[in-house]
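> Chains as they are written, first to last, in the numbering used here: chain P, 27 to 394; chain U, 21 to 409.
You may find that some hints are simply not true.
The calculated PhoX-like cross-link candidates involving lysine-lysine, where the alpha carbons are at most 25 Å apart (straight line), are [stated by the list, open to error]: (1) P/Lys-307 x U/Lys-34; (2) P/Lys-221 x P/Lys-315; (3) P/Lys-97 x U/Lys-168.
Here are the in silico distance ranges between beta carbons for each label pair [claimed, not checked]: (4) U/Lys-168 x P/Ser-49: 26 to 36 Å; (5) U/Val-40 x P/Phe-161: 23 to 33 Å; (6) U/Phe-176 x P/Val-66: 18 to 28 Å.
Heads up, incomplete: computed chain U residues facing chain P, CB under 7 Å, no partners named [what the hints assert, rightly or not]: (7) Ile-45; (8) Ser-94; (9) Pro-151; (10) Met-378.
Bear in mind the hints are in silico, worked out from the structure with no lab data behind them.
Just so you know, even glycine gets a beta-carbon here, dropped at the ideal spot from N, CA and C.
What follows is each chain in one-letter form.
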Amino acid sequence: MSSSIPFTHNKYYSWCRNNLFSSWINGIITILSIYFIYEVSSFFLNWTIFEADFVNNFRGEKITDRTFCSKNIEPGQHGACWAIIIVRFHQFIYGFYPVEEAWRVNLVYGLLPFALVGIFFDNLPFRKYFIYFTFLFPFIGYFLLYGGAGLDVVGTSKWGGLLVTLFLGVTGILLAFPLSIILALGRRSKMPVIKTICVIFIEFIRGVPLITLLFTANVMLPLFLPEGVRPDNLLRALVAVTLFQSAYMAEAIRGGLQAIPKGQLEAAQSLGLTYWQSTRKIILPQALKISIPPIVNTCIGLFKDTSLVLIIGLFDLLGVGRAAVADIDWAKLHYEVYVFISLVFFIFCFGMSRYSLYLEKKLKTDNS
Amino acid sequence: MSDSFLRKLIFDEKIRSLVVQTLIIGIFALIIYLVTQQTAYNLEKRGIGTGFGFLNMSAGYDISIRLIPYTSESTHFRAYLVGLINTLMISICGCFLATILGFLVGIIRLSSNWLFRNIAYVYVEFTRNVPVLLQIILYYTILLYLPKIKQALILFDTFYITNRGIYSPSPIFKDGFSVVAWSLVIAIIFTIFLKKYLKKKQDQTGKQYPIFYINSALIIFTPIIFYYIMGMPLDFDHPILKGFNFKGGMVVRPEFMGMLLGLSIYTAAFISETVRSGIISVSKGQREASQALGLKNNLVLRLIVIPQALRVIIPPLTSQYLNLTKNSSLGIAIGYADLVHGFGGISLNQTGKAIEIMSMVMITYLTISLTISLFMNIYNKAVQFKGNA
Chain P
27 MSSSIPFTHN
37 KYYSWCRNNL
47 FSSWINGIIT
57 ILSIYFIYEV
67 SSFFLNWTIF
77 EADFVNNFRG
87 EKITDRTFCS
97 KNIEPGQHGA
107 CWAIIIVRFH
117 QFIYGFYPVE
127 EAWRVNLVYG
137 LLPFALVGIF
147 FDNLPFRKYF
157 IYFTFLFPFI
167 GYFLLYGGAG
177 LDVVGTSKWG
187 GLLVTLFLGV
197 TGILLAFPLS
207 IILALGRRSK
217 MPVIKTICVI
227 FIEFIRGVPL
237 ITLLFTANVM
247 LPLFLPEGVR
257 PDNLLRALVA
267 VTLFQSAYMA
277 EAIRGGLQAI
287 PKGQLEAAQS
297 LGLTYWQSTR
307 KIILPQALKI
317 SIPPIVNTCI
327 GLFKDTSLVL
337 IIGLFDLLGV
347 GRAAVADIDW
357 AKLHYEVYVF
367 ISLVFFIFCF
377 GMSRYSLYLE
387 KKLKTDNS
Chain U
21 MSDSFLRKLI
31 FDEKIRSLVV
41 QTLIIGIFAL
51 IIYLVTQQTA
61 YNLEKRGIGT
71 GFGFLNMSAG
81 YDISIRLIPY
91 TSESTHFRAY
101 LVGLINTLMI
111 SICGCFLATI
121 LGFLVGIIRL
131 SSNWLFRNIA
141 YVYVEFTRNV
151 PVLLQIILYY
161 TILLYLPKIK
171 QALILFDTFY
181 ITNRGIYSPS
191 PIFKDGFSVV
201 AWSLVIAIIF
211 TIFLKKYLKK
221 KQDQTGKQYP
231 IFYINSALII
241 FTPIIFYYIM
251 GMPLDFDHPI
261 LKGFNFKGGM
271 VVRPEFMGML
281 LGLSIYTAAF
291 ISETVRSGII
301 SVSKGQREAS
311 QALGLKNNLV
321 LRLIVIPQAL
331 RVIIPPLTSQ
341 YLNLTKNSSL
351 GIAIGYADLV
361 HGFGGISLNQ
371 TGKAIEIMSM
381 VMITYLTISL
391 TISLFMNIYN
401 KAVQFKGNA
């Protein structure tokens, strides 16, 4: 067919023509964009890879502190000094966790995907068992990390880096999930007392910054509780993070609940199902399905917000990074540390946002 | 008798819900009672009294960024006010900058040029997937690596860019400047009435007036004319390097700049997405229909596309403004003296009045949040569909 058209261009040519040079203004913009991309990427690639030090500097000496970075030997000529990341890699991933016990953290990291696939992919074989595992996972994980019953106890003050970030993120989300369903149902309840309590709770949490909640949990939780009970810093942060996340998640779920036509509930009631039966078997499965994309979006937000715990003195990924920068042996290597941490966060958050997009697309085709 | 009561308890919806609610109120009251008892006991044991008397005591610490007079002898309440003003200042500046940047990026994302729109896409993905706190710290670090005061970067002989801040001339208003300022206010009020009048006339006669150009000319030239009539009542105080620091002029501190950059670059990525989806939501048919009516391109945009896009943009934009305001509390990480840093941090540590101070801070944020949603809701109502909704 196409060969019968008199002027057939190569498809790359016509694509360029349509997308890059459709008018002379577009042509100028394209050329400027190419120049901009060239400048930025050449700077960035040179800094991160071509002129950077990894383990040895350009003279071939092993880097043990920043005085061996070529940036220091020839200022202004050399790129990043990644040795700081490599030397402190253990701290970034495990915090101050004992080296010989690090296998426990690795095991938890290894089990984490199994705990999550059940939620993420609904066409998985044996999905039910994966979901059971998801709800068992916080307890297994906590036992492995904290120890006891045969394992050496590693106090939470020794946890740090990615471990704390993931611990707060994953546990916060898993604990907030049931709470948020209760809050979302409560907000739509016909009983005024329950409705008022849920509305006040949700709107209060959403109206104040997370940092004030973290401060409150950190300073005031010990005041509220009897003397013997002293939750450690990490658990206090976890309480604040869970409450925070549950309010945002509840709003996402409420959106899903509102999207379910009233006829569904009425049909369920006419069949003689009670409130709890119809909610559990008819309403919630449908509502949760459509509210998963917004729920994932709140999870991305929470995952980023776990970095706030450094302000109350916990060593999450960013906290460990700040400590690394403050070390005199490695001082002035801010950019290396911050770029590395940004990359880690980017990978997690970008992955989640792609997943949420994939779900949205899938839901669109499911319903139409 | 008792059997029917039990039956009612379980099967009568009204009675059942009454019982459940009473139970919940009871449980809540019990929890609150226990917590207050425990707290009172703990406070007494630690020797911390309650009450807001500390607000009148001297704070004893200094705040470098302030818009109202404040010294280390000022009271804690004064520190609260300074922090509140700083929070509001960074929020307003941040929302302003983020809106401009967000609209710009959102429009670029819809450009027909593949490269151009993908540059914007990369920007959006990289900024919104990295924690705002990390970005604030990163930009602040970059600002601290600017040249030292002695080797200041000089722009147009007036701006000095250093690692201690950006120094610029400060205006000195002489007698008669208020006349210029008032002339601007009157010009703006006048243009509003003029616009209404010309619109009415256009509806009656069908003749179009270049309202936009007339009004812009009025707003720009009225103050300029009055400025010269009053004999140029404005002077500038230039910053001069004396010893180790600049004297005179104004300074924008790197803490403020770092917060502003971090908050606005981060939030702009989200705003650009709402702007993009808002513009996409206006169906192509609308645009084509208005072109078929003979409207020019800029009129299509102004009269057809933007009003409809705003309906979709405003609600998510509101929540972005709220997020930015709440994120302004991260100033504590780089030493920007906002509400949480000064009052919620240092004052709390000095006085130990955790409950009073944290509740004041939280209520303040709640008030700010509610005020923003109130105003945005009013604006939202103004742009929504009118008539048979």
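> Provide an ascending list of the numbers of those earlier hints which the structure does not satisfy.
The structure conflicts with hints 4, 8, although it agrees with all the remaining ones.
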